[in-house]
Amino acid sequence: MSDHHEERDHATGTATTGHSWDGIKELNTPLPRWWVWTFYLTIIWAVGYWVVYPSWPLAAGYAKGVIGYSSRADLGAELANLGKIRGDKMAALGNASLADIEKDPALLGLARAMGKTVFGDNCAPCHGTGAAGSSGYPNLNDDDWLWGGSLDQIEKTIKFGTRSGHAEAHDGVMLAFGRDGILKKPEIETAANYVRALAGLSTTKGYDAEAGKKIFAENCAACHGDAGRGNPEMGAPNLTDGIWLYGSDHAAIVATITNGRAGVMPAWTGRLDATTIKALTVYVHALGGGQ
Amino acid sequence: MNKPIPPPEFDYGPLYAPQKKVYPQKVSGTFRRIKWGLMLVCLCIYYFLPFVRWDRGPGAPNQAVLVDIANGRFYFFFIELWPQEVYIFTGLLILAALTLFLMNAVGGRLWCGYLCPQTVWTDLFFAVERLIEGDRRERIRKNAIKGITIERIVELTLKHSIWLLIAWWTGGAWVLYFNDAPTLVTQLVTFQAPKIAYIWIAILTATTYVLAGWMREQVCLYMCPWPRIQAALTDEWALNVTYRHDRGEQRTSLKKSVELRAAGNPAGDCIDCYQCVHVCPVGIDIRDGLQMDCIQCGLCIDACDSVMQKVGRPTRLIAYDTDVNIERRQAGLANIYRIVRPRTIVYVVMIILVGCTMLYALATRAMLDINVLHDRNPVAVRLSDGSIRNAYTVRLLNKRDERAVKLDVEGLPQATVHVVGQDAAAVGPSHIVVGRDRTTELRLLVTAPASAAGSTLLTVRVTDVASGETATAADNFVMP
Numbered sequence: 001m002s003d004h005h006e007e008r009d010h011a012t013g014t015a016t017t018g019h020s021w022d023g024i025k026e027l028n029t030p031l032p033r034w035w036v037w038t039f040y041l042t043i044i045w046a047v048g049y050w051v052v053y054p055s056w057p058l059a060a061g062y063a064k065g066v067i068g069y070s071s072r073a074d075l076g077a078e079l080a081n082l083g084k085i086r087g088d089k090m091a092a093l094g095n096a097s098l099a100d101i102e103k104d105p106a107l108l109g110l111a112r113a114m115g116k117t118v119f120g121d122n123c124a125p126c127h128g129t130g131a132a133g134s135s136g137y138p139n140l141n142d143d144d145w146l147w148g149g150s151l152d153q154i155e156k157t158i159k160f161g162t163r164s165g166h167a168e169a170h171d172g173v174m175l176a177f178g179r180d181g182i183l184k185k186p187e188i189e190t191a192a193n194y195v196r197a198l199a200g201l202s203t204t205k206g207y208d209a210e211a212g213k214k215i216f217a218e219n220c221a222a223c224h225g226d227a228g229r230g231n232p233e234m235g236a237p238n239l240t241d242g243i244w245l246y247g248s249d250h251a252a253i254v255a256t257i258t259n260g261r262a263g264v265m266p267a268w269t270g271r272l273d274a275t276t277i278k279a280l281t282v283y284v285h286a287l288g289g290g291q
Numbered sequence: 001m002n003k004p005i006p007p008p009e010f011d012y013g014p015l016y017a018p019q020k021k022v023y024p025q026k027v028s029g030t031f032r033r034i035k036w037g038l039m040l041v042c043l044c045i046y047y048f049l050p051f052v053r054w055d056r057g058p059g060a061p062n063q064a065v066l067v068d069i070a071n072g073r074f075y076f077f078f079i080e081l082w083p084q085e086v087y088i089f090t091g092l093l094i095l096a097a098l099t100l101f102l103m104n105a106v107g108g109r110l111w112c113g114y115l116c117p118q119t120v121w122t123d124l125f126f127a128v129e130r131l132i133e134g135d136r137r138e139r140i141r142k143n144a145i146k147g148i149t150i151e152r153i154v155e156l157t158l159k160h161s162i163w164l165l166i167a168w169w170t171g172g173a174w175v176l177y178f179n180d181a182p183t184l185v186t187q188l189v190t191f192q193a194p195k196i197a198y199i200w201i202a203i204l205t206a207t208t209y210v211l212a213g214w215m216r217e218q219v220c221l222y223m224c225p226w227p228r229i230q231a232a233l234t235d236e237w238a239l240n241v242t243y244r245h246d247r248g249e250q251r252t253s254l255k256k257s258v259e260l261r262a263a264g265n266p267a268g269d270c271i272d273c274y275q276c277v278h279v280c281p282v283g284i285d286i287r288d289g290l291q292m293d294c295i296q297c298g299l300c301i302d303a304c305d306s307v308m309q310k311v312g313r314p315t316r317l318i319a320y321d322t323d324v325n326i327e328r329r330q331a332g333l334a335n336i337y338r339i340v341r342p343r344t345i346v347y348v349v350m351i352i353l354v355g356c357t358m359l360y361a362l363a364t365r366a367m368l369d370i371n372v373l374h375d376r377n378p379v380a381v382r383l384s385d386g387s388i389r390n391a392y393t394v395r396l397l398n399k400r401d402e403r404a405v406k407l408d409v410e411g412l413p414q415a416t417v418h419v420v421g422q423d424a425a426a427v428g429p430s431h432i433v434v435g436r437d438r439t440t441e442l443r444l445l446v447t448a449p450a451s452a453a454g455s456t457l458l459t460v461r462v463t464d465v466a467s468g469e470t471a472t473a474a475d476n477f478v479m480p
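Sequence lines, in order, name chains B and G. Reading the first sequence from the start, the letters are residues 1 to 291 in my numbering. Reading the second sequence from the start, the letters are residues 1 to 480 in my numbering.
Calculated directly from the structure, the hints in this document are not laboratory data. Please read all numbers here as calculations on a predicted model, not as lab measurements. Honestly, I wouldn't trust all of these hints.
[What the hints assert, rightly or not] In silico lysine-lysine, PhoX-like type, Cα no more than 25 Å apart, as pairs:
(1) B/Lys103 <-> G/Lys406
(2) B/Lys25 <-> B/Lys103
(3) B/Lys89 <-> B/Lys185
(4) G/Lys195 <-> B/Lys84
(5) G/Lys159 <-> G/Lys146
(6) G/Lys20 <-> G/Lys146
Let the sequences and hints guide you as you build the complete structure.
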């Protein structure tokens, strides 16, 4: 219980509040006046903030504040400003040839930085953020290119895509030899073994290599070449190397020969501007596999 | 007769502690002169340091002290720090703390009394106030008058205008540390300076005006942690501004003390004239002993000395003294001072250790450095001939003039190394040029014939072609 009169603590000489808990009396050590006023000011500030800035959630939407501030509009303004700041550099990038960009460390750095962002936004869903690809989506880090790995070839592929419907798109297809009745099942098995042999992989015991060679020469060599080294003009992969877009095991090759393959890459011209495509080209080329 | 005592009113006490108005009186003497001198030195350093030039060669700022936030560089005369060298500042902060402890162990709150910006600017503002409104008595009288006169309005306007002018100049000097000072001054007066400069000037003007003009001792008392820490760090050997109560008590008026002494009775030297209280900038009575509010500026020593001289008694009734000596004098022993004692030795040794460590770190830091980051996705790439390629992002840091460097990869003899963009630019040997005071990012490709899965430790070495200076970074080559 509290004593109803002002009293001072013996030890400190400080006035008590008169409140007592378990025999311990609370000392009254008031805050300085300016502190209290600063505290009131912060409350007033908070109320002012509600009025000026977006703050309270409402049933539909939110209180927008009298100055109509929005962080999204802020971002838009900043991006526009960024475009202005980058103007000269972007013009330099746009005017330089692909080969010149790779020779100039400053332009190369700019193109790679820009390309990385654009790749992440547009290409990563299929090719992966590190461009490592996956089954059916080529790895862009290696040196095996369906449609050629030079700067110009990469740019063409990005611009028009593969089987994208664009008039200038790459459009070679792997035929469905089995489904369309061109080859019979045993012939496909033989062909698959022959292809694995080309790449130095193991084959099914007792397969007829001579028959395989004949089937290959009659059906496959037109695109993949007599030695199976592929042809970037037609997007025909090299069958003798260690890189397989759809897998190198027997079953995967049988599936490929039976049903054909026709992966699609969209055309990016019209969606990305020419400078952006240039940067993207240099980025992909500089991943390490560029020729 | 026996009137019942009315039940006492319940008193919660004040809801807040009102600021006690302090009217420090003018004083002159040794410590006042020291304070004027140090104030001049401190203010000159603060206001004029940004204009000191330091030649760092072409392409580099020539301002002696510059915090270049846009480019992430800090310049201090011959030192140039990069953002990753901020640890040097940690050392500087430790050094500052230790120096503060040492000062405290030797002479109490030397920092608070003479050097702290809060003290320096408050002292300057007091001087302005005294010049315009008059000394203590005048100011008390003027503040007590109810109603307002034209002269009073003029006086107050003048005082606050000068305060604001000083505050504005303080803010103006602050922003000069962050940009080339002469350029910025020109921009400021022609209203061409960046908006942020004006905002910071406004902020610093406001804080200086409020803290030095209005808050004053409140800052030391409520905002600053040092008074509370100091009380825990002081000891009986530390010199503190002390009222020598062994000599001063029993306080008696001059007249009465003469009578007492004539009658052979003891009387203290303190004549209770309150001069020490009147000159105090924080409004305390030093005779109450060492207290948290006291900033130990020594002005009460000057005030007391001048009184003691007038009444023909020995000076330094208030003086820098130690607890030990007060006790010794009371016991009839001679004063002893012990500046060199374990506490101060420890502080000095620590200051030397930290200082040397910092100097060593500064002197031996790499001027050419390399960071290597292995590609995480994909970790390794199988090429069509079956060999394995790992890619790395290499960042070269050059803290000197532009130079040509070469990259070598050690640890995998059968590997071929390629830096993207270098072959295309091949002019003579494949040298990479790193600009002055810059970093360069490169893509490094290392290719090796396939072998058993596992990691091999690589050392990537950058070598200055001309001087042979090198730096290395280690990373793994991963064989899937």
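Quick rundown of the hints versus the structure:
1. Restraint check for B/Lys103 and G/Lys406: the C-alpha separation of about 17 Å stays at or below 25 Å, so the hint holds.
2. Taken as a hint, the B/Lys25 and B/Lys103 pair is broken in the structure, with Cα atoms around 81 Å apart against an allowance of 25 Å.
3. A C-alpha spacing of about 58 Å is found between B/Lys89 and B/Lys185, which places the hinted pair above 25 Å, so the restraint is violated.
4. A C-alpha spacing of about 19 Å is found between G/Lys195 and B/Lys84, which places the hinted pair at or below 25 Å, so the restraint holds.
5. Taking the CA atoms of G/Lys159 and G/Lys146, the gap is near 19 Å; set against the 25 Å cutoff, the hint holds.
6. Using a Cα cut-off of 25 Å, the hinted pair G/Lys20 and G/Lys146 holds, with the two alpha carbons roughly 19 Å apart.
Against the hints set out earlier in the document, violations occur for numbers 2 and 3.
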